[in-house]
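> Sequence:
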Amino acid sequence: MIIKNIEAKIRLATFVSAGSLLTGAAFVGINSIYAYHLVASAQKNIYILDRNVPVLARQTDIQLNRPAEYRAHADLFHSLFFSLTPDDQYMEYQMKKAMYLIDESGMRQYNDLKEKGFFNSILSSSSVLTLQTDSIALDMPRHYFRYYGKLKIDRRSSTVIRSLITEGFLKDIPRSNNNPHGVLITNWKTLENKDLENVEKNTF
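Under full-length UniProt numbering, think of the first position of the sequence shown as 1, with each following residue one higher.
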């Protein structure tokens with residue numbers, strides 16, 4: 001009888017120990033999940049100093065704002081690449097900034113235009129190039145974009161308006177001072193660059 005009581009107590013102690021272990025593991029798991037969500041939520045918060053007083057500001061989910069950033073990135077690159085003045089140092093500065101936003105396909109187009117005398121013609125004709133963005137179409141699943149714009153070339157003798165259509169893909173990369181959107185344009189191609197208007201100026 002005594003042995004049976006001892007065996008029963010041992011079984012009870014085993015059940016209690018196992019139950020305590022499982023309960024503790026469950027609490028640890030729940031706490032871990034809660035802590036993870038808490039940290040993830042905290043990472044969406046940023047603080048702004050207002051007279052040395054930290055003020056909590058809610059940060060927008062990056063994926064919700066990504067299409068706008070993609071369009072802004074494509075717009076910035078095209079503006080840097082095509083909005084030029086007859087100043088070789090300024091053009092070099094613009095191209096240097098633009099190359100941070102694109103892969104080697106940008107350098108290939110730059111070298112191609114350089115070989116064709118595009119930049120020398122800007123200097124020799126004192127041309128001012130201004131790019132106006134019409135629209136930027138995005139295909140988010142493919143990370144593909146198509147850019148539509150008009151390039152105004154203001155020369156001493158005439159003003160030319162060109163239709164500019166390009167395409168490329170968008171790759172997410174870490175943000176930096178030279179690439180604040182954290183995007184890299186890849187496989188960039190010019191689909192159309194043709195004259196729409198050519199208005200002669202009165203030289204008298």
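No lab work stands behind these hints: they were computed from the structure. Note that CB positions come from ideal geometry on N, CA and C, so glycine has one too. A couple of the hints might just be wrong.
What the hints assert, rightly or not - Cβ-Cβ distance ranges computed for the label pairs, FRET-style: (1) L113 <-> A35: 17 to 27 angstroms; (2) N202 <-> Y144: 14 to 24 angstroms; (3) N120 <-> N65: 35 to 45 angstroms; (4) I165 <-> K114: 29 to 39 angstroms.
What the hints assert, rightly or not - Taking lysine to any residue and the SDA-like style, the derived pairs with C-alpha atoms no more than 25 angstroms apart in a straight line are: (5) K116 <-> I165; (6) K152 <-> G182; (7) K114 <-> S176; (8) K152 <-> S176; (9) K116 <-> R162; (10) K97 <-> G182; (11) K116 <-> N202; (12) K97 <-> E200; (13) K152 <-> S121; (14) K189 <-> S127; (15) K114 <-> Q89; (16) K201 <-> A137; (17) K194 <-> E69; (18) K152 <-> R66; (19) K114 <-> P141; (20) K116 <-> S176; (21) K97 <-> I33; (22) K150 <-> L22; (23) K150 <-> N202; (24) K189 <-> I153; (25) K152 <-> E200; (26) K152 <-> K171; (27) K171 <-> R142; (28) K194 <-> K171; (29) K194 <-> G182; (30) K150 <-> Y100; (31) K150 <-> T85; (32) K96 <-> T14; (33) K201 <-> Y100.
> Each of the hints needs a verdict: does it hold here or not?
Structure-based check of all given hints:
In this structure the supplied range 17 to 27 angstroms is violated for L113 paired with A35, their Cβ-Cβ distance being about 55 angstroms. Look at N202 against Y144: about 44 angstroms separates their beta carbons, and that is not inside 14 to 24 angstroms. At roughly 41 angstroms, the beta carbons of N120 and N65 sit within the given window of 35 to 45 angstroms. At roughly 22 angstroms, the beta-carbon separation of I165 and K114 lies outside the given 29 to 39 angstroms, and the hint is violated.
Between the alpha carbons of K116 and I165 the distance comes to roughly 19 angstroms, so the proposed pair stays at or under 25 angstroms and holds. Restraint check for K152 and G182: the C-alpha separation of about 29 angstroms exceeds 25 angstroms, so the hint is violated. Using a Cα cut-off of 25 angstroms, the hinted pair K114 and S176 is violated, with the two alpha carbons roughly 28 angstroms apart. Proximity of K152 to S176 is assessed by CA-CA distance (about 31 angstroms); at most 25 angstroms being required, the pair is judged violated.
Of the pairs offered as hints, the one joining K116 and R162 holds, with about 18 angstroms between alpha carbons and a cut-off of 25 angstroms not exceeded. Between K97 and G182 the CA atoms are separated by roughly 14 angstroms; this keeps the pair inside 25 angstroms, and the hint holds. Proximity of K116 to N202 is assessed by CA-CA distance (about 29 angstroms); at most 25 angstroms being required, the pair is judged violated. Annotation: proposed proximity of K97 to E200 is violated, straight-line Cα distance about 33 angstroms (limit 25 angstroms).
For the hint pairing K152 with S121, the CA-to-CA distance comes to about 15 angstroms; that is within 25 angstroms, so the pair holds. Taking the CA atoms of K189 and S127, the gap is about 24 angstroms. The hint holds against a cut of 25 angstroms. Using a Cα cut-off of 25 angstroms, the hinted pair K114 and Q89 holds, with the two alpha carbons roughly 14 angstroms apart. Restraint check for K201 and A137: the C-alpha separation of about 35 angstroms exceeds 25 angstroms, so the hint is violated.
Under the criterion of a C-alpha separation no larger than 25 angstroms, the hint pairing K194 with E69 is inconsistent with the structure, at around 28 angstroms. Taken as a hint, the K152 and R66 pair is broken in the structure, with Cα atoms around 30 angstroms apart against an allowance of 25 angstroms. Taking the CA atoms of K114 and P141, the gap is near 34 angstroms; set against the 25 angstroms cutoff, the hint is violated. The suggested pairing of K116 with S176 is violated, with an alpha-carbon distance near 33 angstroms, which exceeds 25 angstroms.
Pair hint K97 plus I33 does not hold up; C-alpha atoms about 44 angstroms apart against a cutoff of 25 angstroms. Pair hint K150 plus L22 does not hold up; C-alpha atoms about 68 angstroms apart against a cutoff of 25 angstroms. For the hint pairing K150 with N202, the CA-to-CA distance comes to about 23 angstroms; that is within 25 angstroms, so the pair holds. Restraint check for K189 and I153: the C-alpha separation of about 21 angstroms stays at or below 25 angstroms, so the hint holds.
With a C-alpha separation of about 13 angstroms, the suggested pairing of K152 with E200 holds against the 25 angstroms cut-off. A distance of roughly 29 angstroms separates the Cα atoms of K152 and K171; the hinted pair therefore is violated under the 25 angstroms criterion. At most 25 angstroms may separate the alpha-carbon atoms for a hinted pair to count; K171 and R142 meet this at roughly 10 angstroms. For the hint linking K194 to K171, the alpha-carbon distance of about 28 angstroms lies beyond 25 angstroms, and the restraint is violated.
Distance check on the hinted pair: K194 and G182 sit about 31 angstroms apart at the alpha-carbon level, beyond 25 angstroms; violated. About 23 angstroms separates the Cα atoms of K150 and Y100, which keeps this hinted pair within 25 angstroms; it holds. Restraint check for K150 and T85: satisfied, since their Cα atoms lie roughly 16 angstroms apart, inside the 25 angstroms limit. The suggested pairing of K96 with T14 is violated, with an alpha-carbon distance near 72 angstroms, which exceeds 25 angstroms.
Proximity of K201 to Y100 is assessed by CA-CA distance (about 37 angstroms); at most 25 angstroms being required, the pair is judged violated.
Figure legend: structure checked against the earlier numbered hints; hints not met, in rising order: 1, 2, 4, 6, 7, 8, 11, 12, 16, 17, 18, 19, 20, 21, 22, 26, 28, 29, 32 and 33.
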